[in-house]
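Starting from the known structure of chain A, fit chains W and Y onto it as the hints suggest.
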Amino acid sequence: MNKKGTFNRKLSRREALKLFGAGGLGLYLASYVPGVAAASAQPSWSFPKNIIAQPRKYKFPAEGKPYAGTKINVSMVAEAKPDALKKVLPRFTEKTGIEVNLDILPYPTLQEKQFTVMTQQTGALDGVHVDCVWMGQYAGQGWIAPVDDLVAETDPEYLMLEDFHPAILAEQCMWEDKLYGLPFINAIHTLYYRTDIFDKHGLKPPETWEELREAAKLITEAESKNGVYGVTFMGKRGVQLLCTYVNFLGAFGSYFYDKNYVATLDSPEAIAALEFFVSLVPYANPGVLSQDWDECFATFAAGNAAMNIQWQNAAPGFADPSKSKIIGKWGITLTPGNKLPDGTIRRSPTFGGWCIGIATDSKNREAVWELMLWATSLEMERELAYAMPSSRKSVLGDPEFQKKYIEYETMLKSYDYALGRPRIPEWPQMADLIEAALSEAMTGAKTPEQALKDVNPLLNEILMSAGYQKA
Amino acid sequence: MGLGWQRIAWLAAKRLLIAIIIVFFVAPIILIFLTSIKSRVDALAFPPVWIFSPTFMNFEEIFELYDFGLYFRNTLVAATASTIVAMALGVPAAYSLARYKFRGHSNLAFWILSIRITPPIAAMIPVFILFRNLRLLDSIPGLVLIYCTFNLPFVVWMMRGFFEDLPIDLEESAMVDGCSRFGAFARVALILAAPGLASTAILTFLFTWNEFIFALILTGTNARTMPVAVQLFMRETGILWGHMTAAAVIMMLPTVVLTFFIQRYLVRGLTFGAIK
Amino acid sequence: MTSTTTVTAQRRQRPLFRTRFWAHWSAPAIMLIPAVVILVALSLFPMFYSLWLSFNEWNLGDRTATWRFVGLKNFITIFTTDPFFWPSVRVSVTFTGVTVAVQTLLGLGIALLFSEEFRGRGLLRTLIVLPLMISPVVAGLIWRFMYNTDLGMVNYLLYLLGIDKVDWLGRQVSAMPAVMLADIWQWTPFVALILMAAIQALPDEPFEAALIDGANRWQTFRYLTLPMIRPALMVAILIRTMDSFKIFDLIYVLTLGGPGVSTQVLGLYTYKWGFKFFQMGYASALSYLMIFMMVVFANIIVFFMRRRVD
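Sequences listed follow chains A, W and Y, in order.
Each residue of the first sequence is one higher than the one before, counting from 1 in my numbering.
Each residue of the second sequence is one higher than the one before, counting from 472 in my numbering.
Each residue of the third sequence is one higher than the one before, counting from 748 in my numbering.
With the rest of the complex left out, here is chain A (with noise of 0.2 Å):
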C-alpha cells in the first residue's frame, strides 16, 4: 500500500549520487520531488531502460488493415489538440479502417462522465484521456492497463519513444515503474513579459522570485496610473490557483508532502512560498484573485500586466491580432526560482499534461493502440503543432518550429526543473482542501501562516486514512 505514491520516477543509483551533490535543502529534497532536485540545473531525467522495445517482428502500426470495421469510443478534453485530431480522424479511418467515435469533454466533468461508464467495466470505452494528477485513480487503481506489451510490439522507428520528452513520458504517463499510454498535450507554466515596458524602465527578465517582485513594484508604481500593472496570474479559487502556488512552494523548497507521506504544508519554507505569494497581489491588476484561464489570459492581452504566470498554451493567443493588443512586444521565458547558497537557481514550474490509456475493459486494445501511435506519431505531432505543442524532443527542439512557436525553446528549457502535483488517488481530494486554503491566504481571509496550518492537518489525516502514514 504505502508503496503506490507519486514518486514513482526512479532515480538511478548514480544520478541520485550527483544530485546529492546539489547541496543545501537541495539535498533532502533530492531524494523525492524530482524536479527541485533538478534544480541544480543537470537534468535529471533519464529513459527508463526496461521498456525500450526489443528489436523483433513488430505488429504496429499494422500493414493491410487487420482492425478494419472496429469501433471504438475514445474520451478526450476539451482543448485545442483533441478539437485538432477530430479533424483529421477520417484520414486515420481511411488508412486503418478503424472507426473512431472520439467524445470531447471540457475539464470540469470529464473525469465523471469516463468513471461512469468504465466503472461497469463493460468496455464500453476504450481509450481514455487521463490528466496526469489522475494517474493514481486510473492507473494505480486498474482502470487502465500498462502498454509494455504493446511497445514491444511496435516498430521502434515508428513509436521512437526516446523522442517524447522523458520527463513528460514519465509525469503523464508512467506509474510505478510501467508505460500506461501515449503523452497528448503537454503543459509547463512558464512566465510572459512586456519586452517593451521592461525596456522602457532598463529592466531584465526575472531569473529569481525576488527580482520578479521588485520589478513588479517599479512597474506597478510607474505604470498603474495608465492601467497597466506589474504583474498578473491565476488567482481565483480552483486547480490554477493551485497550480500556480507550485511554481513557488518548490523553489522555496518545500512539496506538499515528504517521502513519508507527512504533509508539509506547515513547514517554514510552504509557508515562506506562500507569504511570498500573497505579497504579489499588490502589485498585480485589481481583479487577480477573480481571474482563472481566460481572464487571465485577457488581462495580459489586452496590455494590462508587464508580467503573467500562466500556462504555455496561452502563447498562441498572445499572438493571435484577433485576441490580442501586444502582438511583437511580449516575450516568454522560465518562470523565476529561488537563488541557492551554491549560486544556481531553484526553479519549479509547474507540470501538467495528458495521456491516452487504453481501458483495461477495452475489447479493441491493438485499435486504440494503432490510433495512440498515429496521433502521436512524428508525422502528427509536426502537423498538429498548430493547436498545442509536441512532447516530441525533435519537435520542440527544431529550430524551424522554435521561430514559429516562440514557446518551444522556454518549454525545452523548463522541463529539466518541471514539478508535478501529487498523482496518488486521494490528491484530488486533497487538492480541493489546499485551493481552500490558498484562496482563503490570497484573500486575506486568513494570513499564510494561519491557512496553511489549519489545512496541514486535515492533509494528514487523508493520508493516514488511505494507509500511507503509519499512525
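Some hints here could point you the wrong way.
Stated by the list, open to error - Here are a few chain Y residues that sit away from chain A, every Cβ distance over 10 Å (derived from the structure):
#1 Phe822
#2 Gln966
#3 Pro978
As the list claims (entries may be wrong) - Footprint (simulated), chain W over chain A, 3 or more residues, beta carbon under 8 Å:
#4 72-80
#5 98-108
#6 118-124
#7 291-302
Note that these hints are calculated values from the structure, not bench results.
Cβ coordinates follow ideal geometry from the N, Cα and C atoms, glycine included.
This is chains W and Y only, laid out in the frame that chain A set:
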C-alpha cells in the same frame, strides 16, 4: 369619486410596476434568443448590438460539430418513453387510490408523494451503484426507468385528484349496465378525465425534458441528454456563447409552446394537486 | 371487453365470500400493484441500501475496493472534522431562507397587482410564467450570460450608468446574491401563479361588505385577503422550501459552488463526495443528513400551517 390626480398617479404607478415586472421576467429569455441568432462577432460585442443580420449558423454548428442531434433524440426518446410508462402505470394506480378506500390508502398515497420530495441527489448514490451492477448506466432504458421514480408519483398524485373530482355515479351506472371495474375505468373515467390526462402527460413530459441531475450522473456518452450536453460549450478557455444560447433555445422551445396549452392546469400540476 | 365480462360471469359460480372479496379487490390490486412495485424497487430499496452504505466505507474509484464496515465513523467525521459540512449547511439554509422569503413577498405583490382586471392580463400572466417552465439548467445558462463580466447585460446596464464592470459570479461577496437572484427570477412566478389562482377563487361578498364598512386597502388585505389565501401561501412556501433546499442544477451551472465554498450547497457537496471523490459511504451519510434536515424543515412548516389554521 372621479379621477383625481392621486388616482391617476396610482394607476400609472401600477402600470409601470407591471411593465418592470414583465421586462424582468421576459427580457432574459428574449436576450438569449437574440444572441443565438447573432453572428460570432455580434454576439461578443460590448456594448451589445441591437440591430444585426440574423444567422442560423449557431444552430447548424451545434448539430454539425457537437452531435447535438443525438442528444436531442436522446432527450426526446427518454422524455416520451418515460411519460408513456409513467402514465400507463400511474393512471390505473391513481384510479384505484381514488376509488378504493382500503386500509392505509392515504399512507400509501403520502408515501408515493414523499418519493417525489426526496432530494434526487440523495437517491443518486444507491441508484448509481444499482445501475452499475445492472449495466444500466449510460443507457436510455436506464434513464426511462429512473425517471419513473419522479414521474410516477407525480402522475399518481395528479390523476388521483382528477379522478376524485369526477362524480362516481356515472361509473356506477356503467357498472350496473354490465361494465366491469376495468370497463368503467377505461370507458367512463378515462374519457371524463381526458383534459386532466392530457395536461398531466404534458407536464410529465416537460419535467423529464428539463431533467438534469439524473441525466448528469447516469449518462456517459451514448445516452447523454441536452441539459447535460450544454456543458460541451463551457470550456476552460471561455464559454462558446453562440452555441450555448442556440442549445438553450432548442431546449426552451417545446416548454414555451406547451406552456400555452396547459395554462389551466398549471397551478394544479405545480402544487401536486394541492391547489385546484 | 367481452372476455372480461365472461370472466366475471364465471366467477359468480364460486363461493360467496371469495367472490365478493375478489370481485371487489382484484381491480384495484391489479391497477395499483405494478406502480407500487416499481416505486419500491426504485426508491425504497435504494434508500435502505444507501442507509446501510452510510455505515460503510467504499471507494468506487478503486477497482478492487470492497465495502468496509466502519459503524458511525462517517457521521462522526462529518460532524467533527469535515471542514466543509457546516459551511455547506449554512449556505443551503441561507439560500433557502432568503430566496423563499423574497419569492413569497414578490410573488404576493405580483399576484395582487394582477388581481385587478386590465387589458392584456391573460397574455402577460402567461409571459410571467415562462421562467418557471424552462429547465433550471437553461435558467442557469441565461443568468451566466447575464452576469458575464465582459458581455453580460447586467454589466451593460451598469456601464450605461457609468459603473465599472463587476465579476458577479467570481467574487466571494457577490456570487451568493447573484445565484439567489437567478433563483428568484425563476421561481417567483411559481408563488405568484399560485396566489393569483387563490385570489381569483376568493368570494366577492366579504370584500363588498368591507367596502361598505369603509375599510381601506391595507385593512382589506390584512384582515380579509391574507387570511383567506393563507392555505395557498403555505403550500407555496412549503414546496419552495423543499425545492430550494435541494437546489443543485442552477448552482452547478452558475458557479459549481465557488468561489471558495461561498455557494457550495449541501446537494453539491454530497455530489462532490459521491461522484468526484467516489467515496460512496461518506456521500451516503451526507445524503441521509440532507434528507433528515428536509424532513425537519417540512415538519416545522406543516406545524405552522396547522397552528394558524387551528
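Taking the hints in turn, this is what the structure says about them:
1. Phe822: holds (15 Å)
2. Gln966: holds (50 Å)
3. Pro978: With a cut-off of 10 Å, Pro978 of chain Y remains clear of chain A, as the shortest Cβ separation is near 43 Å.
4. 72-80: It holds, with 4 qualifying residues against the three required.
5. 98-108: Coverage by chain W holds for the segment 98-108 of chain A (7 residues, Cβ < 8 Å).
6. 118-124: holds (count 4)
7. 291-302: holds (count 4)
In this structure, none of the earlier numbered hints is contradicted; all agree with it.
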